[in-house]
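Participant: Residue numbers (the UniProt record's numbering), protein chains in the order written: chain W, 1 to 360; chain D, 1 to 360.
Hints are all accurate, no fakes.
Far from chain W, by Cβ distances over 12 Å, these chain D residues were calculated:
#1 29
#2 247
#3 248
#4 296
#5 349
Going by beta-carbon spacing under 7 Å, a handful of chain D positions derived as facing chain W:
#6 94
#7 97
#8 98
#9 99
#10 101
#11 118
#12 119
#13 120
#14 121
#15 134
#16 137
#17 193
#18 285
#19 332
#20 338
#21 341
Don't read these hints as lab results, they were simulated from the structure.
Cβ coordinates follow ideal geometry from the N, Cα and C atoms, glycine included.
Spelled out from the first residue to the last, the chains are:
Number of protein chains: 2
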Amino acid sequence: MDLKKSVSIFILILCLAYSAFAQKKSIYYPIDEKFMIGKIEKTPELFHRIDTSAYAGLPKRVSYLATHAAGLAVGFKSSSTKIRLKWCVKGNGANGNLTPIAQKGFDLYIKHNGKWQFAGAAAPKDTCSDVEIISNMDGSEKEFLLYLPLYDELKNLEVAVDENTTISAIAQPFKRRILVYGSSIVQGASASRPGLNYTSILTRNTGYQFLNLGFSGSAKMEPEVANMVASIPADVYLLDCIPNSSPEEITARTNYLVKTIRQKHPSAPIILMQSLVREHGYFNAKVGTHVSDQNRAAQAEYQRLLQEGITDLYFLPSTNFLGHDHEGTVDGTHPNDIGFERMVKDIQPKILDILGKYKL
Amino acid sequence: MDLKKSVSIFILILCLAYSAFAQKKSIYYPIDEKFMIGKIEKTPELFHRIDTSAYAGLPKRVSYLATHAAGLAVGFKSSSTKIRLKWCVKGNGANGNLTPIAQKGFDLYIKHNGKWQFAGAAAPKDTCSDVEIISNMDGSEKEFLLYLPLYDELKNLEVAVDENTTISAIAQPFKRRILVYGSSIVQGASASRPGLNYTSILTRNTGYQFLNLGFSGSAKMEPEVANMVASIPADVYLLDCIPNSSPEEITARTNYLVKTIRQKHPSAPIILMQSLVREHGYFNAKVGTHVSDQNRAAQAEYQRLLQEGITDLYFLPSTNFLGHDHEGTVDGTHPNDIGFERMVKDIQPKILDILGKYKL
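All chains should be modelled from the sequences, with the hints used to inform the complete structure.
Facilitator: Laid out in C-alpha cells, this is it:
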C-alpha cells in the first residue's frame, strides 16, 4: 500500500470516528418562556399554571396543585436526529392510579402531514432524570410538541439535540382560549401519558386551545376560586367541577361561579358539565346516590340560572361520557384512556357546535 | 316515660350501636387453591404461574417472571356489603409505564345480569397493604372475580367480608384452555388495571379461558421455553412472542416452537401473531425497520411451516392491532387501554372463527 493511500484511509477512519462521536454528543438547551404552549398566564415559576400570589384567599390545596404542570407543553423545532430531556420534579409520592410517565414524565408529538402524531414517551428515573425520548430520526426539520408532567411540580427542563443542530420556538399552533376549570379528571387522572389528558386531546383534535385548570380533588367552586377563574381572560369557560363538589356545595356555589364569570365576560359562552358517572357507584349505593344527587343539583342550578336570565349558558349531560361497558375508568372514578377517548367523542362535537354559533 | 319504655329504648340503642359496630368489623379469609381462576398448573407457591422447578434449563429471567401473578384471578361469592383485601407483594421497583394498581394492585368484577362488570380497584399503599376495594353494597349474594397484580410477586392475600357473612369458592366460570405465550404485552403492559390485560378481556368477552404466559421482554422462544410451552396441556396455543425475538431468532426458533407443540398436541390449533407495530417506529427508523423485519420473518416462518405440512396453523397479521391514530400505546411499544381494546376488537372475531372450526 502506498503512502498516499494509507493517509487517505487514515483520514477516512478519523472522519468516521469523528462522525460516530459527533452523533452521540448532545447539547442541552434550557426551556424558557418562548417555548411554552398552553400557559394560562405569566407565572413567576415557568412551569406553574397560575400565579397564585395574584389571587387572594385561594385554598391552600388549590395553590399547591397550581404548581403541577398539567396541560402545559413545550413547542420547538429542530433537525436533530434525537431528542433528550433532562429534568427535575419536586417529587411528591406516587399516585396509585397514574403511570410514572403520566405523573412525572413526558410524551412527545411530531407534526406529520399537518397533524400532531405521537412519537415517544419518557419515564422518570428519579427526582431528576436524563432520558432520550426519541432517536434515529431522519434529520429533517420537524416541529415537536412535548407535554409536561400532569401530577408533579416541574422544577426545570432542558431539551438536548445533536450538537450540529439547535432548537427554536414554534408559532402558537392553537387558537382562542377555552378555560377548563375542574377536578382530577381535568388535571389528567388517569391518562396513561400527559398528552392523553382530555384537554390536550381536545386541543390537538380541534385546533382550539383548551387551558387546563384542573385541581385534583379540589374543584369546589369556593367564591375565591370563582373570582380567580372569572378574572382569567378566555373566549369560552368550560366548567367540569361537579365531581368534587357535594350536592349542597353545587346548590350553594354554582350560581355565584357562573354569574361572576358572566359579569366579567358578558358574551363568553359558559358550558357546565355534569359529573361523569362513577363506575363503582353501580354497586356502592352511597357513591351511586351521591353522583345522582350531584348531577341533579347541577342540572337544577343550570335551570335556575337560565330562569334568572343568564344567556350563552350551556349544559353537557354526562350520560355517555364513559360509554356503557363499565371499562372506561382505572378505579371507578378516573377515566383511563378508553374513558377519555369516549368522553372526547361525546363532548367534542357538542363543544364545536357551541363554538360555531359564536364564530370563534 | 315508664320503665318498660325506657328499657325498650335502651335496648334499641344498644342494638343500633351493636349493628353499627358489627358493620365495621370484617373477617379475613386467606385465599387458597380452591379460589384460583386462570391457573396454568399447580405450583408450590399459589400465586406463581408455573412451577419453574419442573422445567429444565429455563432462562433465569423467565423463571423470575413466572412468579408474577399476571392473568391470575380469585373467584368467590359472598353476601358481604364490603370487600377488603390484605396482601403483600415482593416489592420490585416501579415500572414507568404501569399504574401501581396494575403493577401491584387489584381490580374487582361482579357478575351482573350474566356479565362480569367492573366494581372497584385497590392501589397498594406499601409492600404490604390493607385496602377496602368496594363498600356499601346491598348485601345480596354476589359472585366476585378479583384480578391479581400483573407485575410483581404476590406473597399472600386475604379477602375480608362482613363478620356475619363468609366467602366460598365459585365454579370455574370459563371453558377450555387457550395458552397465550408472549411478551410484556401478554403480561399486561400497559393496562391501567389488572383486569384490562388483553388475555383477561378476551376471557370475559368470550367465556374461553385465555391462560397468561407473558414474560416481559423475555419471550424469545428458546428451545427450553418451547419445550415448557409444549408440555403444558391446552386446547389452543396462541403465540404472541414476536415482539421480543430478533428477526434472526424468529427465523431460527419459530419452527422448533411450533413443531414441538404440534408433536405433543397433534390436533390443537396453533395461532401465530405478528408483532404489533411500535408507534415510535414511524419516526425512529431503526425501530421501524426492526419491527418490519420481525414481522416479515414471522410470516416467512409461517409459510415455511405450512409448506412443511404443518396443519391447523393460523396467522394473525398485526396491521390493525392498535388502530391508526397512533394513540394506542403508553410509550410507543406497550398498548394502553385504547390499544388493548382495539387489539381485542381485531383478534377476538378471528380467534372465535378458529375455535368455531374445531367446535371448541
